[in-house]
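Residue numbers (the numbering used here), protein chains in the order written: chain A, 1 to 218; chain B, 1 to 231.
Treat the hints with care, as some may be off.
[Claimed, not checked] Keeping only pairs whose Cα atoms sit at most 20 Å apart, straight-line, the calculated EDC-like set for lysine to aspartate or glutamate is:
1. A:Lys92 / A:Glu38
2. A:Lys123 / B:Asp162
3. B:Lys142 / B:Glu192
4. B:Lys16 / A:Asp37
5. B:Lys104 / B:Glu192
6. B:Lys15 / A:Glu38
7. B:Lys15 / A:Asp117
8. A:Lys50 / B:Asp201
9. A:Lys100 / B:Glu81
10. B:Lys104 / A:Asp37
11. A:Lys48 / A:Glu38
12. A:Lys123 / B:Asp201
13. B:Lys16 / A:Asp99
14. A:Lys92 / B:Asp201
15. A:Lys79 / B:Asp66
16. B:Lys108 / A:Glu38
17. B:Lys46 / A:Asp132
18. B:Lys46 / A:Asp37
19. A:Lys200 / B:Asp132
20. A:Lys70 / A:Asp54
21. B:Lys46 / A:Asp117
[Unchecked claim] Covered, in the sense of this in silico footprint (three residues per stretch, anywhere, with C-beta under 8 Å from a C-beta of chain B), are these stretches of chain A:
22. 88-94
23. 97-108
24. 160-166
No lab work stands behind these hints, which were simulated from the structure alone. Yeah, the Cβ is synthetic: ideal placement off N, Cα and C, and Gly gets one too.
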Amino acid sequence: MDNLAEKQFAVRKASPPGCTEVGMVPSVENNLDPTSDEALLVKVSNSKSKEAFDQLFDRFANKVFAHGMKIMRNEQMAKDLVQEAMLTVWQKAPLYNMDKGNVQSWIFTITRNRCFDMLRKQKRQSAVLSADDIWPAGFEDAEALSEAERGSVEVQISQIEKLVRQLPAAQQAVVEQIHILNRTHEEAAQFLEIPLGTLKSRLRLAMGKLRQSLGTES
Amino acid sequence: MISEANYHPSTEMLKKFTAGSLLSGLNVAISAHIELCETCRHKTSKIEAKAAIDWLQTNDDQKQNDFSGLALDIVNQPQIEKPREKEAILDQIHMLDHSVSLPKVLAKAASQGLVWKQLGGGINQALMHLDDETQCEFIYMKPGSQTPMHKHQGSETTLVLDGSFNDELGHYQRADFIYRTEKDMHQPRSEEGCLCFSVLDSPLTFTKGLARLLNPFFKYQFRRSAAGRGI
């Protein structure tokens with residue numbers, strides 16, 4: 001991130017913390033319902049909250065079990081699926097990205113994937129491809145990554161500001177947190193109440209767009 | 001390398017893909033198509049969201065299990081802080097005079113190594129074993145190659161990865177997803193050459209060793225081997 005755009009933003013880092021920059025729209029996630037699945041997963045992700053995970057576990061474990069029974073028709077395997085799937089939820093919580101779907105969809109796909117892998121093992125099928133290869137977490141991610149690269153072109157600050165204002169509100173908020181208020185990724189994720197994975201992905205997309213617009217793409 | 005596909009999997013097929021209820025080979029073909037096709041990517045995320053809602057709203061009469069202790073075991077495990085570095089995998093396939101970049105799932109599948117066989121008539125085949133129910137393979141048709149008229153037994157799914165081919169029903173290029181059932185009769189030909197991933201799901205036929213007779217691209221081989229056996 002040591003590119004030109006960042007250096008230009010650094011000029012404005014003197015703004016008092018918390019001030020609302022021109023054109024910055026407050027992120028909707030600031031107002032997450034604290035009892036929602038999203039809010040719970042954010043807590044699991046940002047502060048490893050065991051209480052929040054407990055609540056998610058209560059909400060989903062029996063649904064995961066029912067899915068296992070439906071597909072595998074075996075109680076022990078369905079219980080194993082609960083363990084596998086909910087463990088994945090815990091472990092991958094920091095990677096959850098709300099831009100790619102809500103928590104329900106996310107846990108649904110985790111359940112499907114773990115179940116698929118269990119069945120594959122049971123049938124002793126080819127180990128070449130796992131469920132996560134077949135249903136990757138994000139196709140878009142790859143494009144965003146390949147977009148990212150640096151260069152050096154003289155750009156006016158005003159031009160960057162204009163471009164920032166053209167970003168979607170959620171991406172603007174992230175750029176503001178990181179490049180204008182100079183917060184760390186963790187601080188920004190806490191402040192916006194979004195998972196770290198979401199923050200990083202938004203930042204990457206936003207910076208990719210800015211670079212592209214500024215012609216600093218290699 | 002993203003191109004707009006003209007031929008897509010049916011909505012029904014995408015629903016089964018989302019539910020995980022297709023055979024592996026077909027899952028792989030659809031996954032690869034989705035990576036190349038933005039339209040199907042969006043459609044699939046919508047189907048996924050809907051499937052999740054249905055899943056949560058279903059009132060199954062399963063007993064409510066007591067998983068006490070399990071959650072506690074889980075939270076004592078470490079979390080993953082950042083995505084694992086992607087292992088380096090082959091993502092290109094080298095054809096006669098150029099390279100073709102593969103969708104990730106196919107790149108991974110091909111990373112175990114491809115063995116190409118010449119089938120005659122300008123057709124080359126590299127088989128992959130992805131599950132026990134389907135026959136999966138890369139097919140390369142050299143420029144100017146043509147297969148004889150044939151029908152399908154079972155279904156055949158073809159995803160075009162490079163170049164193009166025609167049959168009586170259309171012209172297919174990169175990202176096009178073609179699903180043929182046993183009713184369809186066609187005669188593929190390729191002017192400019194064509195690389196495809198293809199999935200055949202006709203296990204009964206395969207076990208009798210007759211699959212090759214029925215695979216469109218294999219007709220040549222059939223003729224040659226049939227001639228060899230004096231039929």
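Structure-inconsistent hints, enumerated in ascending order: 2, 4, 5, 6, 8, 10, 13, 14, 16, 19, 20, 21 and 24
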